[in-house]
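Peer 1: From first to last, the protein sequence lines stand for chains A and B. Residue numbering for the first sequence follows numbering that gives the first Met the number 0, beginning at 0 and increasing consecutively. Residue numbering for the second sequence follows numbering that gives the first Met the number 0, beginning at 0 and increasing consecutively.
It is worth saying that the hints were derived from the structure and are not from the lab. If you're wondering where the values come from, they're calculated on a predicted model, not measured in any experiment. Only true hints are included.
Restraint ranges, calculated between C-beta atoms of paired labels, are given here:
1) A:Asp406 - B:Leu101: 52 to 62 Å
2) A:Asp132 - B:Pro11: 58 to 68 Å
3) A:Asp261 - B:Pro24: 57 to 67 Å
4) B:Asp99 - A:Asp406: 54 to 64 Å
Derived coverage of chain B by chain A (criterion: at least 3 residues anywhere in the stretch with Cβ under 8 Å from a Cβ of chain A; other residues may be distant):
5) 12–26
6) 114–126
7) 158–168
8) 179–189
Where is the CB? At the ideal position from N, CA and C, for every residue including glycine.
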Amino acid sequence: MPRVLLLLPTATFRTDAFVAAAENLGVEVTVGSERRNSLAGLNPTGLLTLDFEHPDRAARQAAAFAAEHPIDAVIAVDDQVVLAGAAICQTLGLRHNSLESVMVARDKHRMRHRLRDANVPQPEFTLARFGGDVAACAERVGFPCVVKPLGLAGSKGVIRADDARQLLAAVERLKRILADETERAGDQPTPAAERQTCANTPATDELSFLIEQFVDGPEVALEGILRDGQLEVLAVFDKPDPLDGPFFEETIYVTPSRLPTDTQRQISLRTQQATQALGLTEGPIHAELRNTAAGPVIIEVNARSIGGKCSRVLKFGTGWSLEELIICQALDVDTAWPSRQSQPAGVMMIPTPAAGVLREVRGLADAEDVAGIESVDIVAHSGQFLIPLPEGSIYLGFILARAQTVDRVESALRAAHGRLEFVIEPTSDASCASAVSATESETRATQSVCQSSDGIQQ
Amino acid sequence: MTQQDIAIQGEPVTDAMCRFTVDRPVYPGKAFFFGNEEQAEGSAFAERMFAIPGVKSVLVSDSQVTVHKTGTAEWPVIGKQIGNAIREFLGSGESVVADDVLQNMPSADTIREGVQRVIDEDINPSVAGHGGVVRLIDVVDNVVYIQMGGGCQGCGQADVTLKYGIETSIRGAVAGVGEILDVTDHASGRNPYYVPSKK
Numbered sequence: 000m001p002r003v004l005l006l007l008p009t010a011t012f013r014t015d016a017f018v019a020a021a022e023n024l025g026v027e028v029t030v031g032s033e034r035r036n037s038l039a040g041l042n043p044t045g046l047l048t049l050d051f052e053h054p055d056r057a058a059r060q061a062a063a064f065a066a067e068h069p070i071d072a073v074i075a076v077d078d079q080v081v082l083a084g085a086a087i088c089q090t091l092g093l094r095h096n097s098l099e100s101v102m103v104a105r106d107k108h109r110m111r112h113r114l115r116d117a118n119v120p121q122p123e124f125t126l127a128r129f130g131g132d133v134a135a136c137a138e139r140v141g142f143p144c145v146v147k148p149l150g151l152a153g154s155k156g157v158i159r160a161d162d163a164r165q166l167l168a169a170v171e172r173l174k175r176i177l178a179d180e181t182e183r184a185g186d187q188p189t190p191a192a193e194r195q196t197c198a199n200t201p202a203t204d205e206l207s208f209l210i211e212q213f214v215d216g217p218e219v220a221l222e223g224i225l226r227d228g229q230l231e232v233l234a235v236f237d238k239p240d241p242l243d244g245p246f247f248e249e250t251i252y253v254t255p256s257r258l259p260t261d262t263q264r265q266i267s268l269r270t271q272q273a274t275q276a277l278g279l280t281e282g283p284i285h286a287e288l289r290n291t292a293a294g295p296v297i298i299e300v301n302a303r304s305i306g307g308k309c310s311r312v313l314k315f316g317t318g319w320s321l322e323e324l325i326i327c328q329a330l331d332v333d334t335a336w337p338s339r340q341s342q343p344a345g346v347m348m349i350p351t352p353a354a355g356v357l358r359e360v361r362g363l364a365d366a367e368d369v370a371g372i373e374s375v376d377i378v379a380h381s382g383q384f385l386i387p388l389p390e391g392s393i394y395l396g397f398i399l400a401r402a403q404t405v406d407r408v409e410s411a412l413r414a415a416h417g418r419l420e421f422v423i424e425p426t427s428d429a430s431c432a433s434a435v436s437a438t439e440s441e442t443r444a445t446q447s448v449c450q451s452s453d454g455i456q457q
Numbered sequence: 000m001t002q003q004d005i006a007i008q009g010e011p012v013t014d015a016m017c018r019f020t021v022d023r024p025v026y027p028g029k030a031f032f033f034g035n036e037e038q039a040e041g042s043a044f045a046e047r048m049f050a051i052p053g054v055k056s057v058l059v060s061d062s063q064v065t066v067h068k069t070g071t072a073e074w075p076v077i078g079k080q081i082g083n084a085i086r087e088f089l090g091s092g093e094s095v096v097a098d099d100v101l102q103n104m105p106s107a108d109t110i111r112e113g114v115q116r117v118i119d120e121d122i123n124p125s126v127a128g129h130g131g132v133v134r135l136i137d138v139v140d141n142v143v144y145i146q147m148g149g150g151c152q153g154c155g156q157a158d159v160t161l162k163y164g165i166e167t168s169i170r171g172a173v174a175g176v177g178e179i180l181d182v183t184d185h186a187s188g189r190n191p192y193y194v195p196s197k198k
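With the sequences and hints as input, model every part of the structure.
Peer 2: Structure representation (structure tokens):
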């Protein structure tokens, strides 16, 4: 029986889906996590601790394990572990994306450079540094623009600015978000030797950020699997809620897309062009694009599958899950991919409406009663401290719907969400208050140094 | 009564699991779990089920039959075969579990005692470090019902702890254990040890 190493960060939403998929396929599973499972001592071949922060070290740990328990495939389920996954595969000689390509995809600035070099349509961009002349940077891309951290996911820290004043406020806010991230991560810098090998990237630290042109047009997402560099498109999602800022909270995804067939074909071609530019060749990809008047524009391409619990919306053939397809691809199972089931489906990532402590969720049964609703899965727990975007990183839950038409799916999701009531007790916590508001006086004081899109100014 | 008179309702539990509710008891008042074809040997009901390509495990509990399939099997195909197999079995007068299997199987009390010992001596001392606790709720024939509490309830890693920690420990130490079912209401967990986020 083949053994699959599932790289499951302890804070991922993806655990249950990948565990179920592995079980359905009857493969032997070893779970690798960054923290020791409390029962690891009782099942050392099933529960492994790996240093995801340092991919080289994780690869050495996995290789030592594989010497006694051979590993046939490695699945990196989330953004936090894709680098470790590539490093482990490289060490074990398993088919996977190159470490370099995954590093580029993880680093929004390097990704922009690669796409530009390959003439893939994307927003204009420039790299800026906190403490520099932000206004001069913005002139390169023009207003409206978007301030973006280099490494965070889930739209965290992504803020639109329509003028210089808003830009200064956005930069100050992003600076605090990144400072909080560093503090939470324990402020442990990557050792120089590891950085040379696994993170040889210019200025991808908490001192730099991107300023990008805001690209107008509806956003879409593409889910696919790469095999030998060839993209198999599994689904194209419409995102019917306009993502115009100031923050970019993802809510509704519906599929199949309502865009014309030819437009969807262009989206697929553009994504394939981007994966080739980045050097990605194997495994799942999740791409975000804007459909502009001039055609699709790449916002980002990730070397992982769709996040949260959104993958439940996708079923293939006679009921295959996305995770089953991903495991089969990693095991190099020679099979034709089953098509996505044709029934329209959609998912709503329930946004966090306010900062505070979640006390109660009301209306759950009513929401589940809406025609077309398959499930309402609340993942936030009572007593949990909530912070909305751009500082927060919590979904309250996921609503899943299927119906005869995409319009009905969307209506069902909105109706179900409308029946939910989240009782959130505002907090008097000073640190939270400072996190969610930025004063103009602070932002005016911000100074920064800019870097051109051609390279870093030292 | 003809086989066609027997009504069976199939209800998917997950993509890989389907619960078939029969309009009469299949294994009256009892439950038994067949984890693989080998365990089905000699038991007429289970042999019929495992003869269907794609059937991975079978849990029969009174009037319900829960079937776990492999990834390649197709429900529209095997669902009908499962329904036919249940009908044929009910008309056959055969027993669900072979007599010698039942005779050699540890009693529910023996399984309960063994599982409780594993939970007390191995599992709970380990999960206590994360503020967690695991409770044995019941053992019905060879089916074990457990509940997770404290830091384990609603934890983002609960599935991993259950499948690759709790199940492995129990199966490694206690003979004759069938399915291990987690009856925890994870949605009500107030203090999960790991909370998922969209990092």
